[in-house]
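4 protein chains.
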Amino acid sequence: MNTFGNIFKVSIFGESHGQGLGVVVDSCPSGIELCEDDFLEDLQRRKSGAKGTTPRQEDDLPEILSGVFCGKTTGAPIAILFRNNNTKSKDYSQLFDHPRPGHADFVARVKYGGFNDYTGGGHFSGRLTLGLVAAGVIAKKILNPVKIEAKILEIGGTTDLNKAIELAQQTKDSIGGILECKASGLPIGLGEPFFLSVESAISSIVFSIPAVKGIEFGAGFNVAKMTGSFNNDCIIDSKGTTETNNAGGINGGISNGNDIVFKIAVKPTPSVSLPQETYNIKDKRVEELIITGRHDLCIALRVPPVLEAATAIALADLSLIAQSVKRVF
Amino acid sequence: MNTFGNIFKVSIFGESHGQGLGVVVDSCPSGIELCEDDFLEDLQRRKSGAKGTTPRQEDDLPEILSGVFCGKTTGAPIAILFRNNNTKSKDYSQLFDHPRPGHADFVARVKYGGFNDYTGGGHFSGRLTLGLVAAGVIAKKILNPVKIEAKILEIGGTTDLNKAIELAQQTKDSIGGILECKASGLPIGLGEPFFLSVESAISSIVFSIPAVKGIEFGAGFNVAKMTGSFNNDCIIDSKGTTETNNAGGINGGISNGNDIVFKIAVKPTPSVSLPQETYNIKDKRVEELIITGRHDLCIALRVPPVLEAATAIALADLSLIAQSVKRVF
Amino acid sequence: MNTFGNIFKVSIFGESHGQGLGVVVDSCPSGIELCEDDFLEDLQRRKSGAKGTTPRQEDDLPEILSGVFCGKTTGAPIAILFRNNNTKSKDYSQLFDHPRPGHADFVARVKYGGFNDYTGGGHFSGRLTLGLVAAGVIAKKILNPVKIEAKILEIGGTTDLNKAIELAQQTKDSIGGILECKASGLPIGLGEPFFLSVESAISSIVFSIPAVKGIEFGAGFNVAKMTGSFNNDCIIDSKGTTETNNAGGINGGISNGNDIVFKIAVKPTPSVSLPQETYNIKDKRVEELIITGRHDLCIALRVPPVLEAATAIALADLSLIAQSVKRVF
Amino acid sequence: MNTFGNIFKVSIFGESHGQGLGVVVDSCPSGIELCEDDFLEDLQRRKSGAKGTTPRQEDDLPEILSGVFCGKTTGAPIAILFRNNNTKSKDYSQLFDHPRPGHADFVARVKYGGFNDYTGGGHFSGRLTLGLVAAGVIAKKILNPVKIEAKILEIGGTTDLNKAIELAQQTKDSIGGILECKASGLPIGLGEPFFLSVESAISSIVFSIPAVKGIEFGAGFNVAKMTGSFNNDCIIDSKGTTETNNAGGINGGISNGNDIVFKIAVKPTPSVSLPQETYNIKDKRVEELIITGRHDLCIALRVPPVLEAATAIALADLSLIAQSVKRVF
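Sequences listed follow chains A, B, C and D, in order.
Okay, so the first sequence: first residue is 148 according to the working numbering, each after it adds one.
Okay, so the second sequence: first residue is 148 according to the working numbering, each after it adds one.
Okay, so the third sequence: first residue is 148 according to the working numbering, each after it adds one.
Okay, so the fourth sequence: first residue is 148 according to the working numbering, each after it adds one.
Chain A with its partners taken away, still in its complex shape:
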C-alpha cells in the first residue's frame, strides 16, 4: 500500500541500495510551474552532512520523468526518479541473520519470507523519504499561499541542540527529538467526516515517516489535564478566529481557519555504534552485534523538510477533496 491520497495520489517506490527510488504524483492540477531546480532547496535541507547526520553522501538529484511540459505541469502523472550511487552493500551482508534491534530487519524477513531487500534497510530505509520531499514540493505549490513550517523543539531531552549532539557523539549513542509543524493560511473546511479528519489524514502520513512514534494536535496530551472551559477556544470574529488555539486549528476533524499546529516525537536512530545484543536467527542464540555502517546520530535533525512535505501532501489531498464537492449556494 505504497500510495497515499484520495485524489492527489502519491506513490512511493525504491530501495536504499537498489537502482534508485522515486515517486509518482497523480492528479496534480495542470499549469503549475515546475522544474527540477524547484526541488533542490527542500532536498538540500533533508540532506545529511551536518553534525549529527550520516556521512553517506548522495547527490539526491531529481529527474522529472513525466508530467511536465514546457516548464509546467500537464495534469498527467508526475514521476520523479532519484538514482542511488553511493551505496556500500557490503556493510550490510552480516545483517541477514542478525536483525538490528529497532529496525524493520526482523519483521521484513518474516513478512516477505526472506525475499526482502535487506541491504541498507531496503524499502524500509529513510532514504525513501526523498520521494516524499519531492511530492511535498508539488503539494506546497498547490496549497500556495499556505505556509508550512516544521522546526525542531528539542533533541535528547534538551533545547541546546549542539550540546545534545556532542554528548551523543561522545557516548557513541543516538538521540531522539520533538518537532513542531505549523500550517498557516488554510481555509475553513478542510477534512471530511467521519474517517478523514485533518488529524486522521496528517497522522496517517506522518506515521509513514520512519522513526515517528507519537503525534499530538494543539494542546495534545495536555488536554487530558485541562477543564473544558479552559481548553475550549473562544471564537471571536466572523472568520472563526479563536482567542486561544488549544484545538490546533481543528474542530470536529475540520480545519477552522486558525493555524494547524501539531508536534511529533522522533525516536533515536536505532543504529548505534555501541555494541548491542540481538538474536542470531541462524545459530538460534542471542549474541552481540556491532553495526559498522554509516548512520545518523539524531535522525530528528533531518525530519523537518520531510514533515513539512508529509503535511503538505495530506493538506493538498484534503483541499482537492473539499473543492470537489463544493457548490455555489
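Simulated from the structure, these hints should not be mistaken for lab results.
Just so it is clear, the structure is predicted and the values come from calculations on it, not from any experiment.
In this text, a Cβ means the ideal position worked out from N, Cα and C, and glycines have one as well.
Incorrect hints may have been included.
[Unchecked claim] With a Cα cut of at most 25 Å, we get these calculated DSS-like pairs of lysine-lysine:
(1) D:K329 with C:K329
(2) A:K194 with B:K372
(3) A:K198 with A:K288
(4) A:K372 with B:K194
(5) C:K288 with C:K429
(6) C:K473 with A:K294
(7) D:K294 with D:K319
(8) D:K410 with D:K298
(9) A:K372 with B:K329
(10) A:K429 with B:K329
(11) C:K298 with C:K329
(12) B:K410 with B:K288
(13) C:K294 with C:K429
(14) A:K310 with B:K329
(15) C:K294 with A:K473
(16) D:K473 with D:K294
[As the list claims (entries may be wrong)] If you want the ones that stay clear, here's a sample from chain B, every Cβ over 10 Å from chain D, calculated:
(17) D189
(18) C217
(19) G222
(20) N231
(21) L300
(22) T391
(23) N392
(24) S420
(25) E435
[Said to hold, decoys possible] Just the calculated beta-carbon pair ranges, DEER-fashion:
(26) B:Q317 with A:T391: 21 to 31 Å
(27) D:P202 with C:T306: 41 to 51 Å
(28) D:Q317 with C:L187: 57 to 67 Å
(29) C:K386 with D:E210: 40 to 50 Å
(30) C:F243 with B:T306: 19 to 29 Å
(31) C:P334 with D:N427: 17 to 27 Å
(32) A:P202 with D:K198: 34 to 44 Å
(33) C:P202 with D:K198: 58 to 68 Å
(34) C:A197 with D:K319: 27 to 37 Å
Given chain A's structure and the hints, the job is docking chains B, C and D onto it.
Just chains B, C and D now, with coordinates in the frame of chain A:
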C-alpha cells in the same frame, strides 16, 4: 469520506437527532456466527448512565439489516441500524447562530454552507461511534483469538477517577483523560510500507473518534529523551519476542509479534454547564452562551469500547491485506 | 467490494428476502433539495407489474435514514432503506442443492462456503438495483441539467415488443434485449486518463447490473468494419461539436461535449418456466429442475431506469473528480 | 486516476515524446522470479514493425528500478522504466491548433487548459500501453498456471488479414478489428458483488486501452436474441463445468470455473494519410488537415499482448481480493 479500510470496509452514516444511524461492513468473511446479542456487551459498555456521563438514555438496540443468514455472516455487506428515539431537538435551536466553542458547529456551518444538520451535533455527534462499536464487534471476531483491551489511565490529571468526577461536578466543568489500548496475540507482519504502517492505520481511525487529540505508540513521546541503545528492544528468541517493548509492538510500521500498545489523549467535553463566550454570527458580536443540553462531564469514560472497536477495525483490515498477498514459498 | 466511486461513493447492501436492502451515498454536495417523493418516479418505472415482468409486488418505498435536513442534503452520507415485505422464501428451499442454470447460485455457494443467503438470489438478486436507482436519483440532481435517457431498442430480436412478449409467454421461455442510453449536455473534460476513461467508469458500473453481457460506445462493434476516415468525427466548431458521433461522445476516454451514447445487451432471465437440467450437488448427478418462483419473462424491460441511474452515478463521480483538480488558469 | 486495482495496484506514468514512461506495480507477492528478460517476449509481440504497423522503432527495453532483489520480487513496489529515444516532436508542432479528428487532442486541450503535452498524443499515446504490458507480465506470474490468450478474429471486416492490410495501404486509410481473449484454468469465485464483477473489472481496464469501443462476454450481444432456455449453460459436474459457455465463464459477476471469454472492438487508427477536415482553433474555421507523422494502419494488430496484460492485471487483483477474505470453514 465516511468509509474506512481497504478490504474490510466500514461505512458510517447517520445523525444524532435524525431517524437513526448505522454502519455497513463490507468484505467480512462468510461463516462467522453473528447475531444482535453479540453487540450488546460492547454497546452497553459505551452507554451513558454512569456517573460523569450524559443523562440522555437511548436503547441503542442494533438491527442487522443484511449480511447474516441462519445466524452466520454470508460474505455480503452487513448493515446495522440504530434508531434514535430519545431526541430533544429543541435544546439545540439557539445554536444555529451561536456556535459552541470546541464543537464542530462553526466549521460545519461554513463547510456545508449552512445546510448541515446542527441539532445535537448532527453527523459530528459522538453518537456516530455506535456504528464504530458495532463494526468493531465484527472485527474482533475476525481477529479472534487476538485480544484487544482499552482502559482509562487517568482523567482530569489524576488516577483517582471518582474524585476527579466529583470535582468536575462541583465546578460544573468537564475533564479529559488518557487511555491505553493493548492488542495481544497478533502475528508478525501486519502493516504495509510505505503508507499503511500499523501506526498509520490505527492513528487514522482513532483520530476519527471525536475528542481524541493525541496518540503515541510504545514509549511514545518519551522516546525523544531516550538514547538509541536504551530505546531499542532486544530480540531474544526466534518468535521475535523482545525484552522491552518501547516500540509498542511495531518496527518499521510492521507488527513484530509483541503486544501492540498505544495511548491516546481525550479532550474534555466541549459542552460545559458554565457560561462561555462565543461569536454570535447573526448579530456579529461576541456574547455569552449557556449550553443547556445534556452532555457528558468526561467523555473519556465512554471511549474504551470505541477505542477497542477502532483498533480492531484497523487491525482486521491489515490482517485481510496481509493475507491477500501471502504466498506459500 | 460493494462501493462504487472515487468521491461520489455509492455503497449497496441487502438481500432479496432479508430485512431489506439499501444504499449509502457519500460525498453528495450539500444544499440539494431531496425528499422521499423524489425517488418515486424512477422506482415506479423500475417496478414490476407490466406485461412480461414478475408478479411479485413490493411497495419499494424508500426511507431516508440520514443526510437530509429541512428538505435538503447536508453533505453527510445519505442512507436510504427499502424494507422487504412480499417475500416467499419457501419457493427457494429446494435450490440449495439444485443451482439454477444461469444464476449465481452455484458460484455463490462455492465462493462463500455455503454460507450465502440463497433465498431469492440473496445479495445477487436484481432487487439490489433498487439501491442503484435511488442513488441515481441523487446523481441526476448533481448532474442537473444534464439529461440521461435509456430506452429499449429491441427484445427477443425484434422491435415489436408486444409480439416478443406474447411469444415468450406462449413458449414459457424468457427473452433478452438491447438498450440504448444517452447523456446530453455534459461538459468537455469528464473522464481521467489512464484508468478512469468515461468508458471505463460507465462499463464498470453497468456490468454491475445483473444480466448485462455487452456494452458498446458510439458506433461500437461496427467500428471494426469501418475505415478511419469514415469513423473519425470531424470537429466543426469551437465547442467541439462533431459532424457525426461514432465516438459516442468520448475521445481518448474523455467526454468531448457531444452526446454520450452507448448500447448494452441484456440476457434473457435465467429463470424460465420450462424444465431445465442442472447438477444435483447432494446426489452428484444431473437432473431435471423446475423453477416455480415468480420471475420476469424479460428482465430487459425493467432495466431502463437502472441503466440511467448507473450512468448518472458514474458521471456524477467523474464530474466531482474533474472539479477537484480544476484551476483557474 | 492513473492507478488500477484494489490490492494489486498498477500505476502508469509517462508520455509519448517525453523522457520516458513506465509503471509501478504495488502489492506483488514476494519470492516470484523476475528479471528484465521476462518482459521481452510480450514487449516484442506489442512492437511495431510488422506490415500494417507504424515505422517508428523504439527499443522498448525495460529497466527494473525497484522491487526485485537477487532475481526475485521482494514484496515492495516494482517500478519499471522505458526510456523514449526515437521521438520526432517536430512532426506534431502544427497540431496544437489543429486537433486531429478521433484523437484526444481537442478534449485534452480543453481539460488541461492547454497545458497538456500534445506531442505524439502525450499521456494519451498508445505508447503508454508499454507499462500495461510490463505489469501484465507480473500479473501472469501471479496467476500462473492460468493461461491467458488474445487473438485477432478479424480486421477491416474480414478474417483475411493480409488482404485487409493491403487494401488499407492502397487506400491510405486505416482499419479496425475484433479480438477475442480467453483465460483458462481460473478457480471458481473470482469477482465481488456488487460493483466488482469480473465483467466490471475486466471492462474497466480494457476500456483504458486506447481505441477499444466495445466489449462483450460469452455470447455477448447475441444473448439479446436468445431465449433463456437456450442461453442458460447447464452445469454437468461438481466442478461447475457447463455444457455450453454462453456466460463466458461468469455468473452473477463471479467466475464459474469455465473459460472466461470475451471479445472487444478496436476502432481504426484515427491517424490516416488521407486528408481530413478539422476545426482550426486559432483561426476559428474548419480546414483541411494532413497528418504526416508515423502511425499504424491497423492498431488492432498490436493489441493482443496489451489485451492479455490488461486481463491478467484485472484477474490478479481479483485473485488477491478473493484470497484476502477466504476462511477455512
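Inset, instruction - Using the Cβ atoms, figure out if P202 (chain A) sits within 34 to 44 Å of K198 (chain D). - result: Distance hint for P202 (chain A), K198 (chain D) is violated at roughly 59 Å.
Legend entry - Hint consistency between K310 (chain A) and K329 (chain B) [alpha-carbon to alpha-carbon, up to 25 Å]: violated, 37 Å
Inset, instruction - With a cut-off of 25 Å on the C-alpha distance, tell me whether K410 (chain B) and K288 (chain B) pass. - result: holds, 23 Å
Inset, instruction - Measure nothing beyond the straight line between the CA atoms of K194 (chain A) and K372 (chain B); if it is 25 Å or shorter, mark the hint as holding. - result: At roughly 24 Å apart (the allowed maximum being 25 Å), K372 (chain B) and K194 (chain A) satisfy the hint.
Legend entry - Beyond 10 Å from every chain D Cβ - status for T391 (chain B): Correct as stated: the minimum Cβ-Cβ distance to chain D is 28 Å, above 10 Å.
Legend entry - Distance restraint between K198 (chain A) and K288 (chain A), which requires alpha-carbon spacing of 25 Å or less: The hint is violated at about 31 Å.
Legend entry - Verdict on C217 (chain B) as a residue remote from chain D, using beta-carbon distances over 10 Å: holds, 14 Å
Legend entry - Minimum Cβ-Cβ distance from L300 (chain B) to chain D exceeds 10 Å: holds, 35 Å
Inset, instruction - Report holds if the minimum CB distance from D189 (chain B) to chain D is greater than 10 Å, and violated otherwise. - result: holds, 23 Å
Legend entry - Satisfaction of hint between K298 (chain D) and K410 (chain D), Cα-Cα up to 25 Å: Within the cut-off at roughly 10 Å; holds.
Inset, instruction - Could you see if the CB distance from P202 (chain C) to K198 (chain D) stays within 58 to 68 Å? - result: holds, 60 Å
Inset, instruction - Sort out whether K329 (chain B) lies within 25 Å of K429 (chain A), counting only the CA atoms. - result: Measuring from Cα to Cα gives roughly 31 Å; hence the hint is violated.
In summary, the numbered hints that this structure violates are 1, 3, 5, 7, 10, 13, 14, 19, 30, 32 and 34.
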